[in-house]
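Chemist: Listed below, chain by chain, are the residues.
Number of protein chains: 2
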Amino acid sequence: MKAVGIVVEYNPFHNGHLYHVQQARKETNSDIVIAVMSASFLQRGEPAIVSKWQRTKMALAGGVDVVVELPYLYSTQKAELFAKGAVLILTEMGVDSINFGSESGRINDFVELFKAMKEKNLAFDEHVKNFLKKGFSYPRATAEAFKQLHLQPNMLALNEPNNILGYHYVKAVHEGKRKINVSTTHRRQAHYHDQDVPASSIASATSIRQMLKKENGLSKTTHVMPTSSSLLLEEYIKSNLMLHDWEHYYPFLHYKVMSSSAKQLQSIYECEEGLEFRAKEMMQTATSFQEWMEKMKTKRYTWTRLQRLATHILTNTTKEEIEEGLSTESLPYIRLLGMSDKGQAFLNQTKKHRQTSLITRVAKAEGIMAVIEERATNVYFTPLSPAIRGLQMKQEFNQPPFRMQSLKKS
Amino acid sequence: MKAVGIVVEYNPFHNGHLYHVQQARKETNSDIVIAVMSASFLQRGEPAIVSKWQRTKMALAGGVDVVVELPYLYSTQKAELFAKGAVLILTEMGVDSINFGSESGRINDFVELFKAMKEKNLAFDEHVKNFLKKGFSYPRATAEAFKQLHLQPNMLALNEPNNILGYHYVKAVHEGKRKINVSTTHRRQAHYHDQDVPASSIASATSIRQMLKKENGLSKTTHVMPTSSSLLLEEYIKSNLMLHDWEHYYPFLHYKVMSSSAKQLQSIYECEEGLEFRAKEMMQTATSFQEWMEKMKTKRYTWTRLQRLATHILTNTTKEEIEEGLSTESLPYIRLLGMSDKGQAFLNQTKKHRQTSLITRVAKAEGIMAVIEERATNVYFTPLSPAIRGLQMKQEFNQPPFRMQSLKKS
Chain A
183 MKAVGIVVEY NPFHNGHLYH VQQARKETNS DIVIAVMSAS FLQRGEPAIV
233 SKWQRTKMAL AGGVDVVVEL PYLYSTQKAE LFAKGAVLIL TEMGVDSINF
283 GSESGRINDF VELFKAMKEK NLAFDEHVKN FLKKGFSYPR ATAEAFKQLH
333 LQPNMLALNE PNNILGYHYV KAVHEGKRKI NVSTTHRRQA HYHDQDVPAS
383 SIASATSIRQ MLKKENGLSK TTHVMPTSSS LLLEEYIKSN LMLHDWEHYY
433 PFLHYKVMSS SAKQLQSIYE CEEGLEFRAK EMMQTATSFQ EWMEKMKTKR
483 YTWTRLQRLA THILTNTTKE EIEEGLSTES LPYIRLLGMS DKGQAFLNQT
533 KKHRQTSLIT RVAKAEGIMA VIEERATNVY FTPLSPAIRG LQMKQEFNQP
583 PFRMQSLKKS
Chain B
183 MKAVGIVVEY NPFHNGHLYH VQQARKETNS DIVIAVMSAS FLQRGEPAIV
233 SKWQRTKMAL AGGVDVVVEL PYLYSTQKAE LFAKGAVLIL TEMGVDSINF
283 GSESGRINDF VELFKAMKEK NLAFDEHVKN FLKKGFSYPR ATAEAFKQLH
333 LQPNMLALNE PNNILGYHYV KAVHEGKRKI NVSTTHRRQA HYHDQDVPAS
383 SIASATSIRQ MLKKENGLSK TTHVMPTSSS LLLEEYIKSN LMLHDWEHYY
433 PFLHYKVMSS SAKQLQSIYE CEEGLEFRAK EMMQTATSFQ EWMEKMKTKR
483 YTWTRLQRLA THILTNTTKE EIEEGLSTES LPYIRLLGMS DKGQAFLNQT
533 KKHRQTSLIT RVAKAEGIMA VIEERATNVY FTPLSPAIRG LQMKQEFNQP
583 PFRMQSLKKS
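These protein sequence lines are chains A and B, in that order. Under the working numbering, think of the first position of the first sequence as 183, with each following residue one higher. Under the working numbering, think of the first position of the second sequence as 183, with each following residue one higher.
The following block holds chain A by itself, in its conformation from the complex (with noise of 0.2 Å):
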């Protein structure tokens, strides 16, 4: 069986991811597509709409087969981490491709831009340090570098988000020890960052979220996602009471930065440069996730940056733990969250190949990136009431990987 990677967050899974299931099993002629899923926590340092296991749920309906997490360790870091984690579990599940969403849709495009990239190395690298040292952001001082090193003006352009995560997964693939194809699959939705939902059936996550909350509901979103993803949206706003935002979780940010000293906000991982003192200072008047975020913004900064120190933060993630996670090649393991029928026998057929466990229960998670997830997990249910976060936590430890079938049965 041939089996085709994707690297997804379902924050939540809609009418564009429908079609990138759809198109990465077609363009690539594969049996199988594996996703790994962010957890708890996502790339732009938030927290997820709904659980993971809610996602997993939305993830298989919506035709994915085998559903793997891609833990906090790597879920919450910059593009250049965050690509060379989930490229890395792609590899170990034994994936042939792997097939990620761009608006070019030319894979190409990003591998020229990595081939001259990699030429270029050592004067990019040199680059970047000098905008970074003139005070500007991370992505904005990419892409200065890029324009000085006169690279072709019809090469992606590294500033927008999609690109630099392509760019990274190309990298990540070609830098890994087995060999994998590449390819992408031309985006047929709005540009990431639009905020409003279009009439047409497809919309940006960002801009779907943004209109579950205005909307308090589904009634503005159900064209714009397959009706399992409305109904197992719905599912978890009756169970759950919300749908998770960094409002809910500012109480318990506050509380942390308010009750730490200098000395432990600086061990916390991304905290840097004296963002610790600006932390405090900006929370002694901000009323809200929003506004402190509003306050702590600098040129310096992305608001992604932020956001992301804002979650380290929360889930009391340290520089140490990161780097020890960080330091060994291997995985220590990898968790299974679902699968169809076609993904077990996948996986029963791949599996005297795989180097690393599958696990199907929490507790045969090892190591430092399991003690950081177990954390991050408990963190995340903070908001919930007592009682709905006990039986969070609950299915957290006894879950095994949802089957279709249990899917359908339920």
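A hint or two may mislead.
One copy or two, either will do: identical chains are not told apart, so a pair holds if it fits within one copy or between any two.
To be verified - Okay, derived cross-link-like pairs now, BS3-like style, lysine-lysine, Cα gap no bigger than 25 Å in a straight line:
| no. | residue 1 | residue 2 |
| --- | --- | --- |
| 1 | Lys315 | Lys396 |
| 2 | Lys477 | Lys576 |
| 3 | Lys501 | Lys445 |
| 4 | Lys576 | Lys462 |
| 5 | Lys546 | Lys533 |
| 6 | Lys260 | Lys420 |
| 7 | Lys546 | Lys462 |
It is worth saying that the hints were derived from the structure and are not from the lab.
Fit chain B to the supplied structure of chain A, relying on the hints for placement.
Modeler: Below, chain B alone, put in the same frame as chain A:
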């Protein structure tokens, strides 16, 4: 002018306290009553139901002439350190005597006990140590040791919280540098732990708090406290939308415990003998502070001891900090919270004799004692809504000591 010192929590100020202020003044023939009052967190490991500012107003309205702060460093300690800190502050404030309330009302009971204990100190400590080894709680071990020494049966039993405090006041005064007279006022009130507010005009603070919580208002408690206390409580509820209770802090305690490593919890003051693991384990299922405490309780640890641990975890107060704070014999500062005209005259008159600086603004607070205090104050206001919390923290920074006049005007 002659001054008498008293040690108070005023949680809230009631008729029993009013009687004590009057009697202390009368019995010691003093012109001035100086109260050292616990700031935000109290000796039994609880948040005060209203802020120290509101309780300062209650004290001034109840006839106290000077209110100074008993900082967190001492206010959340077992009897010995609590008494030591309070007596240290009152001594520095230049009191001629100290008066405390007790069931016995006879100071000789305490002095005799102190003398007897002094003689048998080593033997007593040895007995206590042995009973602790047997798994007894500290108060019970103390009481058993007391029995073993065959001290006279009509002596005060050291398993009563107020007797322990009284004993330690006497001890701290005797061990202090200045000659201060100690006396005790017979408590005209229900037993400390009684939970029903009696129809008569005297009730314990515990029973008043429980009635306030049960009735969600002041309807059943106005007859057991001065009108000023009722009005000030009402005012606090109106502007802060709550009376502080451990349950309001439970979400934050839960978050703190679940997001901390065992090693981080071990660094917290009073976290001993694996209590960090117990705290985590019991929190997985407890849905309220009450439930968590009931699960935490063992024969070895009293409720109070565990509540104090919970307070230190909540406020992130470490062993290292408390050790540093207690390591110096002299106080870094004393914070003045309020005064009457007579109180101010006394402060002016005694100014030249004071060795410790009496500060009127928190900006002048120094050292680790101030660091602990500021953080505890921040945490104390954490459960309030963000806007109200901001106002309270602003008051904490800008509020000069209250004057009786300014109280009457407002």
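Chemist: All the hints need checking, so say for each whether the structure fits it.
Modeler: Structure-based check of each hint:
In the homo-oligomer, the alpha carbons of Lys315 and Lys396 never lie at most 25 Å apart, since the shortest distance is 40 Å inside one protomer and 60 Å across protomers. Proximity of Lys477 and Lys576 under a CA criterion of 25 Å is satisfied inter-copy only: 18 Å between copies versus 38 Å inside one chain copy. In this homomeric assembly, Lys501 and Lys445 come within 25 Å of each other (Cα to Cα) both inside a single copy, at 13 Å, and across copies, at 16 Å. Taking the shortest Cα distances, Lys576 and Lys462 sit within 25 Å of each other only across copies (15 Å), while inside one copy they are farther apart (34 Å).
In this assembly of identical chains, Lys546 and Lys533 lie within 25 Å of each other by CA distance solely inside one copy; the values are 17 Å within and 67 Å between copies. In this homomeric assembly, Lys260 and Lys420 never come within 25 Å of each other (Cα to Cα): the closest approach is 34 Å inside a single copy and 47 Å across copies. With identical chains, the CA atoms of Lys546 and Lys462 are at most 25 Å apart between copies only, with a shortest distance of 20 Å across copies and 38 Å within one.
Of the numbered hints given earlier, the model fails hints 1 and 6; all others are met.
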